[in-house]
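In case you want the letters, here they are:
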Amino acid sequence: MAAMDHTGPTLIAGGRVIDPANGRDGVADVLISDGVVREVADSIPAEAVDEHGHMINAAGLVVAPGFIDIHAHLREPGYEYKETIVTGAAAAARGGFTTICAMPNTDPAVDNEAVVELVNRRAADAAVRVRVIGCVSRHRAGRELADMEELASAGVVAFSDDGDPVYDAGLMRLALTYSRDLGAPISNHCQDYGLCCGGVMAEGWVSSRLGLAGIPAVAEETMVARDIALAELTGGRLHLAHLSSAGSVSMVREAKERGINVTAEVCPHHLWLTDEWALGGQGDPNATGLMCYDTYTKVYPPLRSHVDVAACLAGLADGTIDCVATDHAPHERASKECTYNDAAFGISVLETALGTLMAPVHRGSIDLTTMIHRLTVGPARVLGDAFTPYASLSPGAPADLVIFDPNARWTVDVNRFASLGRNTPLDGVELQGQIAATMVAGRIVFEEETLLKQGAHA
Amino acid sequence: MATSQAVETNLVSRPVPSVAARRRHVLDLDDFTAEEIITVLDDAAAMREVLARDVKKVPTLRGKVVVTLFYEASTRTRISFEEAGKILSADVINMTTTASSVEKGESLLNTGLTLQAMGVDAIVVRHPHSGAPHFLARTLDSVAVINAGDGAHAHPTQGLLDLYTAREHLGDLAGRKVVIVGDVLHSRVARSAVWGFAHLGANVVLCGPRTLLPDPFTSAGWGPGDNGVHNPLANVRIQPDLDAAIEGADLVMALRLQLERQKVGFFPSMREYIRRWQVNDARMARANPDALLMHPGPMNEGIEVSTALAHGERSLIEEQVTNGVAIRMALLYQLVGSGPGGD
Amino acid sequence: MDEASATGREIMDADEMRRALTRMHHEILERNHGAEGLLLAGIRTRGVPIAQRLAEHIMASEGVAVPVGHLDINLYRDDLSERPRMRVRPTTMPVDVTGRTVVLCDDVLYTGRTVRAGMEAISDLGRPLRIQLAALVDRGHRELPIRADFVGKNIPTRQSELVRVRLAETDGIDDVYILDRWVD
Numbered sequence: 020m021a022a023m024d025h026t027g028p029t030l031i032a033g034g035r036v037i038d039p040a041n042g043r044d045g046v047a048d049v050l051i052s053d054g055v056v057r058e059v060a061d062s063i064p065a066e067a068v069d070e071h072g073h074m075i076n077a078a079g080l081v082v083a084p085g086f087i088d089i090h091a092h093l094r095e096p097g098y099e100y101k102e103t104i105v106t107g108a109a110a111a112a113r114g115g116f117t118t119i120c121a122m123p124n125t126d127p128a129v130d131n132e133a134v135v136e137l138v139n140r141r142a143a144d145a146a147v148r149v150r151v152i153g154c155v156s157r158h159r160a161g162r163e164l165a166d167m168e169e170l171a172s173a174g175v176v177a178f179s180d181d182g183d184p185v186y187d188a189g190l191m192r193l194a195l196t197y198s199r200d201l202g203a204p205i206s207n208h209c210q211d212y213g214l215c216c217g218g219v220m221a222e223g224w225v226s227s228r229l230g231l232a233g234i235p236a237v238a239e240e241t242m243v244a245r246d247i248a249l250a251e252l253t254g255g256r257l258h259l260a261h262l263s264s265a266g267s268v269s270m271v272r273e274a275k276e277r278g279i280n281v282t283a284e285v286c287p288h289h290l291w292l293t294d295e296w297a298l299g300g301q302g303d304p305n306a307t308g309l310m311c312y313d314t315y316t317k318v319y320p321p322l323r324s325h326v327d328v329a330a331c332l333a334g335l336a337d338g339t340i341d342c343v344a345t346d347h348a349p350h351e352r353a354s355k356e357c358t359y360n361d362a363a364f365g366i367s368v369l370e371t372a373l374g375t376l377m378a379p380v381h382r383g384s385i386d387l388t389t390m391i392h393r394l395t396v397g398p399a400r401v402l403g404d405a406f407t408p409y410a411s412l413s414p415g416a417p418a419d420l421v422i423f424d425p426n427a428r429w430t431v432d433v434n435r436f437a438s439l440g441r442n443t444p445l446d447g448v449e450l451q452g453q454i455a456a457t458m459v460a461g462r463i464v465f466e467e468e469t470l471l472k473q474g475a476h477a
Numbered sequence: 037m038a039t040s041q042a043v044e045t046n047l048v049s050r051p052v053p054s055v056a057a058r059r060r061h062v063l064d065l066d067d068f069t070a071e072e073i074i075t076v077l078d079d080a081a082a083m084r085e086v087l088a089r090d091v092k093k094v095p096t097l098r099g100k101v102v103v104t105l106f107y108e109a110s111t112r113t114r115i116s117f118e119e120a121g122k123i124l125s126a127d128v129i130n131m132t133t134t135a136s137s138v139e140k141g142e143s144l145l146n147t148g149l150t151l152q153a154m155g156v157d158a159i160v161v162r163h164p165h166s167g168a169p170h171f172l173a174r175t176l177d178s179v180a181v182i183n184a185g186d187g188a189h190a191h192p193t194q195g196l197l198d199l200y201t202a203r204e205h206l207g208d209l210a211g212r213k214v215v216i217v218g219d220v221l222h223s224r225v226a227r228s229a230v231w232g233f234a235h236l237g238a239n240v241v242l243c244g245p246r247t248l249l250p251d252p253f254t255s256a257g258w259g260p261g262d263n264g265v266h267n268p269l270a271n272v273r274i275q276p277d278l279d280a281a282i283e284g285a286d287l288v289m290a291l292r293l294q295l296e297r298q299k300v301g302f303f304p305s306m307r308e309y310i311r312r313w314q315v316n317d318a319r320m321a322r323a324n325p326d327a328l329l330m331h332p333g334p335m336n337e338g339i340e341v342s343t344a345l346a347h348g349e350r351s352l353i354e355e356q357v358t359n360g361v362a363i364r365m366a367l368l369y370q371l372v373g374s375g376p377g378g379d
Numbered sequence: 008m009d010e011a012s013a014t015g016r017e018i019m020d021a022d023e024m025r026r027a028l029t030r031m032h033h034e035i036l037e038r039n040h041g042a043e044g045l046l047l048a049g050i051r052t053r054g055v056p057i058a059q060r061l062a063e064h065i066m067a068s069e070g071v072a073v074p075v076g077h078l079d080i081n082l083y084r085d086d087l088s089e090r091p092r093m094r095v096r097p098t099t100m101p102v103d104v105t106g107r108t109v110v111l112c113d114d115v116l117y118t119g120r121t122v123r124a125g126m127e128a129i130s131d132l133g134r135p136l137r138i139q140l141a142a143l144v145d146r147g148h149r150e151l152p153i154r155a156d157f158v159g160k161n162i163p164t165r166q167s168e169l170v171r172v173r174l175a176e177t178d179g180i181d182d183v184y185i186l187d188r189w190v191d
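Residue numbers (my numbering), protein chains in the order written: chain A, 20 to 477; chain B, 37 to 379; chain C, 8 to 191.
Careful, some of the hints might be misleading.
[Unchecked claim] EDC-like cross-link-like pairs, simulated, lysine to aspartate or glutamate; straight-line CA separation at most 20 Å: (1) B:93 with C:86; (2) B:92 with B:118; (3) B:122 with B:90; (4) B:92 with C:103; (5) B:93 with C:127; (6) B:92 with C:127.
[To be verified] Cβ-Cβ distance ranges computed for the label pairs, FRET-style: (7) C:39 with B:115: 41 to 47 Å; (8) A:237 with B:111: 35 to 41 Å; (9) B:300 with A:200: 40 to 46 Å; (10) C:16 with B:208: 43 to 49 Å; (11) C:127 with A:364: 53 to 59 Å; (12) B:310 with A:217: 26 to 32 Å; (13) B:307 with A:166: 50 to 56 Å.
Note that these hints are calculated values from the structure, not bench results. Glycine included, every Cβ here is placed at the ideal spot set by N, Cα and C.
Let the sequences and hints guide you as you build the complete structure.
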């Protein structure tokens, strides 16, 4: 990564500063030194930067707290051919994320202190902050609780058996109850296997036409309903991972109205792509021929209908869904160059997240400030108070921030990915909204020189 | 249009205009037009003449290599393709999963690339996964791919032979009522038949237990619905009651009931299935007086079709098999036996 | 008239064509000592009406109905992979070819490759007593050792030229043109 070492302060001048935590949205200057935000003001004199520092001209760009991703698969240890912590973090930097949370479905799974320490050690070389999520169940096997207190003490920020649901309702009840005193939510991947029947894409006209086994929305919704009931019963901290269906969104909305302690996330692809992308025509519902069965669209939860996409977007806009999470799921080429049935579930998301999320913003379905909120304050609130400083540009907060051009058009080219996972259905697709620079603790960890007009030294 | 010495030189050759001119693969019937389907059926009629000869051999595909790559058990389809290829003088190599490196775990990708490197001209593939032929077709540059049945998706050559057989007896299929009975949900035969009959203007009625007729099949068919694009499936309807569905039918197609699937319990018992959905003489009496029966085979006699009906005068089952060879000859001729396309 | 008349030259009109076919049918009868055992096999497309016209002439002059077959040679071509896809149609012979004198009928004899394919196609149907060849036009430039037994008209051509035969049955008019290039 193009890290820029300098000792002095940095002034980011003239950008549109969107800092939802402080209710700021307007052109302002941001002064940084010693890795922390010093001041955000309508105008900071250039003299604030001495001969050791430098200035970034952010005119026409958006300056915001760095994005926080509470759901990423970094694959290490065990699947380093899919991704490593370092490559995943580099991808995060390219995507404007300054903190990412690694899911524990590694090999071995993160179900004890030793694996947490291993991940933390490897994360020392990472471009962005990497936090660890621990397993709910021992060996992620869904039979008995992992040593959750040990994991919490080792620093995990949430618990999840993601990749699989906590399937047994009794175990889920115990997990929600036991973790009440651990300060970390239980993030569940909701999927009723009995209703999936080997499904590989959303059930609907496309699955029917392609002769692929479908996953009905109720496979997610029945477990969402179950988990909400268990959260109400236990008072535990339930977080619902990657919601994808209109039914799930309305259940969460209703649960929140009833005061149940539940949070939820949605993935960028579920806010744009539909099951029609499986036809291989980038969403053209009339596509036929040899591009059909685009394995790069295979993901769990599956890409669903336009109705579901609209409902997820509305849920994100009105706060029913607290945050965006990428569910970044990198895979090696071979796991997608095969039949749809054989293909692995998952999309490499980190580097296309902003461009994808800007589509509904440009369409007017959600405003930019709200979207930034769902990438910063939203995920921080899911994880708890310790994350609050990373989600704002308050004076004294760590200088984790992102600068992006909301209007720049660029074409996704997987060969430029930092992620080892080049698995995305968006390869070759033009997106609008591009990261100009990402900064972690005041240090630039990614910059796109064509967008970043570097200011002269003061 | 007119051409005299067209058959003599490349310069002036004027093929009969045909949509098939640019087709490289046969993956599904969804992207065929009615015109192209008729082209194939007409060619198949010529192939029927060859099949009727004492000496069933023409030199058309001499020096061409066709591989049948079957990841699923099959007798009639594989032999049908093999016979079709051999009558056309192609070298036909049968590759089955039990006697090949597929058993050693070679991926479909590498198997395809290997066959391509060996200079194979066409791969006829059957695979338990829907879309496997599409994957091969987009992976290989110089090999024609023919789908011989993929998962629950499509069996286009079966669909074409069904159309050929139906047209021989019924003539123009426009407005004819075609009833497809059985496990539509898991049936690639049904999917291809639906596309094929719909393209030729027939009114298709799908019939079977509700658990095997999922909602997406209804009214709007497999299309996106109201996007303003012509949807050939607009006239496909669902009628779970066979007695009602068969009323006035011109053609009844009974699907093979995959007994192994019954373990999942999509319907309560075989007895109940026979009672409600078996095609038999009593039910055929409700159809048009000269209505015909088709079945893709292999048949579970006494289950989806009564034995008497299967071997009776209305049955076209054996004709379907013969026509299957002709259809496959026509497709091999079109895909392998010619240059890179017309106009 | 289309552009062809402007860029081509007519070498046979309807009357000339009728006279040529009249002469050809006499030659066929003379060579074969009558119509006994004859089978006229028209090579699709324009060989078929030529065979039918010859049969009509024979019927008129001899009172014998000579059987006419339709021969499609596309399955026997030697240049399939070089040319665009041709539609194939059924070959139909009203009688067994075995023991017959089969007269292959075509509109234009050129390289001889079509005739070779036609002979192979006939041989696959049985063992004729002999095969003869009747062509309305022989334009030369043979690529195989093949010679017509009955020719309507010999026309010297350049290889770059095109010979277009039109028949009333297929094209609505009887004529033969030499064209510099193909026009629709």
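Results for each hint:
Annotation: proposed proximity of residue 93 of chain B to residue 86 of chain C holds, straight-line Cα distance about 18 Å (limit 20 Å). The straight-line distance between the Cα atoms of residue 92 of chain B and residue 118 of chain B is roughly 13 Å, inside the 20 Å bound, and the hint therefore holds. Pair hint residue 122 of chain B plus residue 90 of chain B holds up; C-alpha atoms about 15 Å apart against a cutoff of 20 Å. Distance check on the hinted pair: residue 92 of chain B and residue 103 of chain C sit about 16 Å apart at the alpha-carbon level, within 20 Å; holds.
Only pairs whose Cα atoms come within 20 Å are accepted, and residue 93 of chain B paired with residue 127 of chain C is accepted, the gap being roughly 11 Å. Taking the CA atoms of residue 92 of chain B and residue 127 of chain C, the gap is near 13 Å; set against the 20 Å cutoff, the hint holds. The given range of 41 to 47 Å is respected by residue 39 of chain C and residue 115 of chain B, whose C-beta atoms sit roughly 45 Å from each other. A beta carbon spacing of about 40 Å between residue 237 of chain A and residue 111 of chain B agrees with the range 35 to 41 Å that was offered as a hint.
The hinted window of 40 to 46 Å between residue 300 of chain B and residue 200 of chain A holds, with their beta carbons roughly 44 Å apart. For the pair residue 16 of chain C and residue 208 of chain B, the supplied restraint of 43 to 49 Å holds, since their beta-carbon distance comes to about 45 Å. For residue 127 of chain C and residue 364 of chain A, the Cβ-Cβ distance of about 56 Å falls inside the hinted range of 53 to 59 Å, so the restraint holds. Distance hint for residue 310 of chain B and residue 217 of chain A: a CB-CB separation of about 28 Å, consistent with the stated range 26 to 32 Å.
A C-beta distance of roughly 54 Å is found between residue 307 of chain B and residue 166 of chain A, which places it inside the suggested range of 50 to 56 Å.
Checked against the numbered hints above, the structure violates none of them.
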